[in-house]
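Q: One-letter residues, chain by chain:
Protein chains: 2
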Amino acid sequence: MTATDVPAPERTTAPGQATPAGGGSAAVPTGPVDTDVLRRFLDGAFAEQRDRCRAELPLDLFQPADHLSTAEHRDRTRDQLRRVVALGGHELGFSAAHGGGDDPGGQVSQFEMLGFGDASLMIKSGVQFGLFGGAVQALGTERHHAELLPRVLRLELLGCFAMTESEHGSDVAGLRTTATYDPAAQEFVIHSPDAGARKEYIGGAAEDAEVAVVFAQLETLGQRHGVHAFVVPLRRDGEALPGITLSDCGRKMGLNGVDNGRILFDSVRVPRTALLDRYAQVAEDGTYSSPIASANSRFFTMLGALVKGRVSISGGALSQTKVALAIALRHALTRRQFTRPGPDGAPAEEVLLMDYLSHQRRLLVPLATTYALSFAQDDLVQAMHEVVGAQLRGEEVDTVTQRAFETHAAGMKAVSSWHATATIQTCREACGGAGYLSENRLPQLKADSDIFTTFEGDNTVLLQLVAKSLLTRYKQQFSDLDTLGMARLATRDLISTVAGRSPARLLVQELVDSAPRNDVEGELRDRAWQLQMVRFREKHLVDTLAKRARKARGKSVGGSYDTLGGLQDHLVTAARSHVDRVVLEAFVAAIARCEDPAVKALLEQVCDLHALALLESHKGWYLQHRRMSPVRAKQVTHAVNETVNQLRPRTEELVAGFGIPDAWLGAVIAA
Amino acid sequence: MTATDVPAPERTTAPGQATPAGGGSAAVPTGPVDTDVLRRFLDGAFAEQRDRCRAELPLDLFQPADHLSTAEHRDRTRDQLRRVVALGGHELGFSAAHGGGDDPGGQVSQFEMLGFGDASLMIKSGVQFGLFGGAVQALGTERHHAELLPRVLRLELLGCFAMTESEHGSDVAGLRTTATYDPAAQEFVIHSPDAGARKEYIGGAAEDAEVAVVFAQLETLGQRHGVHAFVVPLRRDGEALPGITLSDCGRKMGLNGVDNGRILFDSVRVPRTALLDRYAQVAEDGTYSSPIASANSRFFTMLGALVKGRVSISGGALSQTKVALAIALRHALTRRQFTRPGPDGAPAEEVLLMDYLSHQRRLLVPLATTYALSFAQDDLVQAMHEVVGAQLRGEEVDTVTQRAFETHAAGMKAVSSWHATATIQTCREACGGAGYLSENRLPQLKADSDIFTTFEGDNTVLLQLVAKSLLTRYKQQFSDLDTLGMARLATRDLISTVAGRSPARLLVQELVDSAPRNDVEGELRDRAWQLQMVRFREKHLVDTLAKRARKARGKSVGGSYDTLGGLQDHLVTAARSHVDRVVLEAFVAAIARCEDPAVKALLEQVCDLHALALLESHKGWYLQHRRMSPVRAKQVTHAVNETVNQLRPRTEELVAGFGIPDAWLGAVIAA
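Chains as they are written, first to last, in the working numbering: chain A, 23 to 693; chain B, 23 to 693.
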């Protein structure tokens with residue numbers, strides 16, 4: 023299918039005349055919603071855990087911290103961590119046998135709730151229970167679990183996650199720290215060959231971590247086996263152990279409650295059992311073995327076991343975004359500027375910021391997209407809950423499901439964190455000078471969340487992974503090999519494969535099929551049309567990417583760098599278009615399961631705004647691919663303006679739906 | 023003229039085959055440039071002042087400061103201010119009779135050079151010599167000049183600029199602080215009627231300022247005359263004077279070396295002579311008089327006298343952007359990630375970030391635009407030098423020239439500061455984790471410059487002012503009234519009206535006329551075509567804006583809010599398109615006066631990249647208005663990719679052109 027043989031089904035109806043059709047929203051005004059119902063609906067699958075946090079988390083977690091010195095902020099964060107751990111919740115994602123709750127979804131939901139507060143605490147807790155504890159849980163075996171996890175969960179053993187090096191971050195396979203097995207001593211020797219192999223930006227390494235999970239190139243009997251993880255003690259009584267050189271990354275843009283540091287290893291010896299050996303073992307005599315034959319598969323399986331971190335960051339980014347939007351919207355509902363004449367000679371009145379069209383667009387469009395991403399995030403957390411839950415119970419997860427989940431997590435992490443960066447920036451600017459003051463929290467929200475686009479995988483690199491997985495799926499669809507398995511794959515939605523609920527895809531297909539194609543009115547708000555447009559873009563971008571990749575491969579003698587090197591932008595764009603589609607479908611599926619008519623009607627409007635603004639942001643692409651006429655492009659812009667205007671009186675309700683207790687906003691202008 | 027009756031002159035030539043035509047760049051590779059020549063060319067009209075700064079400014083100005091506490095940072099900034107003032111340069115913009123240099127361009131150039139360092143010092147110096155001293159110079163008369171300026175210039179009297187209030191910032195006319203004249207005592211009573219009228223975010227008010235220029239509603243003999251400026255003492259020996267309540271805005275996102283504070287006035291009495299009375303006087307008996315009859319004109323004349331601040335911020339924003347780009351580009355030229363196979367079985371090698379197409383686009387496109395904006399800024403500073411210089415000499419500046427300059431300054435301030443915000447964000451992300459560490463300066467560059475989009479006029483509000491001035495010009499062009507004066511205006515470029523050099527407009531016209539319209543090749547790089555496209559967009563947006571405004575006015579009974587309220591987005595877009603055109607023309611004019619063939623050839627390529635990326639960013643608009651075909655839109659993207667690739671080997675030269683001494687970068691990753 024090419025761009026030209028699919029004429030866009032367009033009408034010249036004015037969008038103002040829209041009527042509901044094919045699942046679209048009503049343009050008629052709807053009554054107010056019960057905001058508790060809306061909030062509970064957004065809370066999703068792990069609502070109980072969220073309510074517990076709302077009731078129990080102490081208020082000081084939600085106060086700005088950027089007036090504190092680095093030392094003071096680290097102290098405050100340590101103190102907060104101890105108090106929050108005492109309340110429980112952090113342990114949920116661990117195996118019940120070792121003090122956990124077999125409930126990874128519950129744990130991530132708690133992490134997301136911490137994202138409404140000072141993100142240093144969220145990340146500090148994430149280092150201990152997600153990265154460090156999570157790696158022990160996912161990559162270790164019973165010996166490690168029994169020995170370490172109970173102490174980890176009680177904060178009696180503080181750890182860190184030493185993967186990134188000064189010269190290798192995104193390219194994990196290129197790490198240069200070595201772990202060489204010495205059969206005589208039955209020890210591994212952990213060593214940094216040079217300064218470029220220094221572990222870098224490691225949360226906890228500067229001051230607190232007593233032990234690290236270190237990623238290093240395993241070598242035994244003269245053979246390299248790639249990157250593996252080892253438990254390596256770093257300090258005792260606050261002092262670095264022999265052979266370990268620790269230093270402090272110092273002040274950062276944000277997250278200064280987290281003590282990031284650097285680690286150099288000078289032939290540090292650890293016992294053979296330090297290897298986290300779920301996916302690979304080294305026998306006493308140095309013999310290497312693994313249930314996974316291919317080194318490449320083994321590498322990706324180990325990394326895949328850690329993907330919960332990406333799910334968490336995606337959720338944390340959305341929480342920080344919600345706080346920023348809540349603050350900026352509250353401000354816009356009280357702040358007035360410039361005068362307009364009163365009606366019929368009445369005295370002039372000052373205009374609320376929220377009554378300016380440009381302000382409505384600036385804030386309500388990202389609000390709508392935040393709703394969309396929240397529903398997609400809820401799907402993702404449930405998928406994670408299934409996959410990681412199965413791993414916890416020692417059950418096998420099939421590779422297709424596992425890879426689909428990883429792809430979805432990578433895409434969501436990238437899109438949510440970029441959304442956070444852009445939206446919080448917009449909120450800062452929309453609050454003017456007030457947005458620049460620390461007392462209004464926006465500076466810290468901006469600074470803390472800024473690194474989310476980088477850590478747990480640089481967004482640009484992650485989206486290239488997503489695109490490569492889309493290409494693989496594409497190839498499989500058209501391959502004659504393994505027809506049975508792949509046909510199954512091709513007809514299933516990636517995410518509905520792993521989510522427990524009825525697949526969104528079926529519903530979406532139904533909507534698309536039921537599109538009243540001769541209906542002249544309301545097409546812009548016709549959900550089927552919106553979905554078709556978004557799906558067309560993904561399909562076209564992936565189709566053409568596959569063609570270009572094939573062509574490039576034909577010309578090239580090298581490996582995947584050469585063949586895809588020139589297609590980077592196309593890879594990233596295709597991946598984003600894929601996530602756009604998944605997110606819109608998640609929103610549509612959520613609306614379909616909403617049982618409250620008023621909430622449902624409001625969400626239809628919010629979904630319209632999200633979808634129309636998405637189409638508007640890509641109008642250049644649609645016009646270029648003759649999928650939108652110039653007239654239609656104009657109508658889309660008009661419809662976005664109309665929809666923000668319709669949603670303007672619903673602002674308070676929509677903010678309430680985020681479920682952030684008033685006292686948690688912690689900003690003077692939102693008090 | 024409508025969109026449809028102007029078919030886009032398009033060809034289907036591959037851009038790779040481009041040849042120079044009509045002022046376009048050569049696609050052939052050019053030799054290396056003498057980077058000293060390039061730097062001197064970019065230094066522009068005030069090169070000497072810049073060289074002096076490079077030789078004299080102490081290195082500690084260029085070190086990150088965000089590890090300092092607020093108190094330490096304020097102390098450091100105070101100390102730096104004293105040392106920099108001792109070197110001279112800050113006084114240049116003042117009248118020679120009072121210790122100045124009658125050289126406003128020189129002063130702003132020094133301000134721009136400070137923008138390569140810790141921006142707190144730049145802003146602290148800007149408060150004293152730009153806002154405070156500048157207001158005394160521009161709004162005061164000989165009595166004020168003689169009494170205050172010598173002490174201001176020697177830092178013996180520290181001042182602040184108290185305009186913004188808690189509830190009124192953008193809407194200066196709505197300020198609520200009052201200055202009521204008491205004829206019996208021959209004093210003004212300065213008063214804050216309530217908390218909303220509190221002076222807010224005032225740089226210097228928290229700790230250092232001994233005196234303020236206060237903007238307040240002047241009332242005498244029972245009549246209001248609008249906002250005027252008064253010199254009001256705030257503190258003596260560090261203590262607030264009676265009736266003055268001062269408080270501290272506390273920690274901010276950035277610029278923590280500047281002590282922003284709040285001021286409340288409780289019936290504070292100042293002598294009659296406290297009124298800065300250049301544009302309005304109050305006699306002893308309370309009689310109000312002004313050489314400017316209209317209250318509205320008077321208000322805008324007073325504000326216009328302060329527009330040097332916007333010129334300075336535009337320049338400071340560009341300096342901060344250049345530092346960020348220099349750091350990120352240096353990093354990209356040393357940092358390697360991921361491996362590609364060597365040619366013909368040679369060992370694999372890791373790829374420089376700078377060799378990735380996506381990284382080239384991310385950094386070289388903003389670099390090209392930074393070049394473009396620098397040339398436009400140089401024009402603006404020269405225009406300011408003429409206008410403000412004339413004011414200093416007591417000469418009359420005609421209203422048309424003054425308004426044209428103000429419009430240009432407002433537009434440049436908005437576009438440069440948004441460019442800074444976006445580009446520094448990109449640089450942070452492009453440096454990954456390293457970009458998040460304070461030691462690499464990007465966090466502070468981001469945080470400090472973030473407020474540039476807000477202060478000295480919120481960008482969105484400024485662009486609406488620009489658009490309204492374009493509308494006025496549009497109306498005048500088509501009006502029968504005052505045909506002579508307006509015909510003059512219509513045929514002159516706004517900026518060339520005030521700049522000393524030969525007008526860019528003539529050159530541009532020549533290029534447009536000489537376009538070889540039947541040339542099949544090279545059109546994308548044909549400067550005339552690029553200019554036509556950019557001018558078409560401006561013209562179309564202003565034409566349609568004027569039509570919509572006329573239509574809205576016909577329907578409305580109210581004033582300007584009602585008629586333009588629904589057109590906000592159109593106003594902002596039209597204004598940006600205007601600035602886009604002015605900036606591109608400035609670049610073209612700069613190239614035309616470049617006498618070094620190698621530098622000229624390089625700048626042609628940089629201009630191509632800027633122009634093509636600009637067209638690409640608006641491709642949706644051009645497609646929608648049938649001014650670009652889908653094929654052409656694709657070609658533009660291809661040409662951008664090709665041009666970043668051509669410029670990739672020129673990266674070091676282009677960074678050197680910014681003229682930032684190595685030691686000034688102050689970032690570990692750029693060392």
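These aren't lab readings, by the way, just hints derived from the structure by calculation. Hints are not guaranteed to be accurate.
Because identical chains share one entry, a pair is satisfied inside a single copy or across any pair of copies.
Unchecked claim - Subject to a maximum C-alpha distance of 30 Å in a straight line, what follows is the list of computed DSBU-like cross-link-like pairs (lysine-lysine):
1) Lys573 / Lys622
2) Lys569 / Lys622
3) Lys622 / Lys490
4) Lys497 / Lys573
5) Lys497 / Lys622
6) Lys561 / Lys656
7) Lys561 / Lys573
8) Lys490 / Lys569
9) Lys622 / Lys656
10) Lys561 / Lys490
Q: All the hints need checking, so say for each whether the structure fits it.
A: Hints, verified against the model:
1. Proximity of lysine 573 and lysine 622 under a CA criterion of 30 Å is satisfied in neither setting, with 47 Å inside one chain copy and 38 Å between copies.
2. For a Cα distance limit of 30 Å, the shortest separation of lysine 569 from lysine 622 qualifies neither inside one copy, at 41 Å, nor across copies, at 40 Å.
3. For a Cα distance limit of 30 Å, the shortest separation of lysine 622 from lysine 490 qualifies neither inside one copy, at 36 Å, nor across copies, at 42 Å.
4. Proximity of lysine 497 and lysine 573 under a CA criterion of 30 Å is satisfied intra-copy only: 14 Å inside one chain copy versus 56 Å between copies.
5. Within a single copy, lysine 497 and lysine 622 get their C-alpha atoms no closer than 39 Å, and across copies no closer than 48 Å, so neither meets the 30 Å cut-off.
6. For the identical chains of this complex, lysine 561 and lysine 656 are neighbours both inside a copy (24 Å) and across copies (18 Å), given an alpha-carbon limit of 30 Å.
7. When the C-alpha separation of lysine 561 and lysine 573 is checked against a cutoff of 30 Å, the pair qualifies only within one copy, where the shortest distance is 18 Å, while the shortest distance between copies is 43 Å.
8. Within a single copy, lysine 490 and lysine 569 get their C-alpha atoms as close as 13 Å, which meets the 30 Å cut-off; across copies the closest is 49 Å, which misses it.
9. In this assembly of identical chains, the alpha carbons of lysine 622 and lysine 656 lie at most 30 Å apart only when taken from the same copy (28 Å versus 41 Å across copies).
10. For a Cα distance limit of 30 Å, the shortest separation of lysine 561 from lysine 490 inside one copy, 14 Å, qualifies, whereas the shortest one across copies, 44 Å, does not.
The earlier numbered hints that this structure contradicts are 1, 2, 3, 5.
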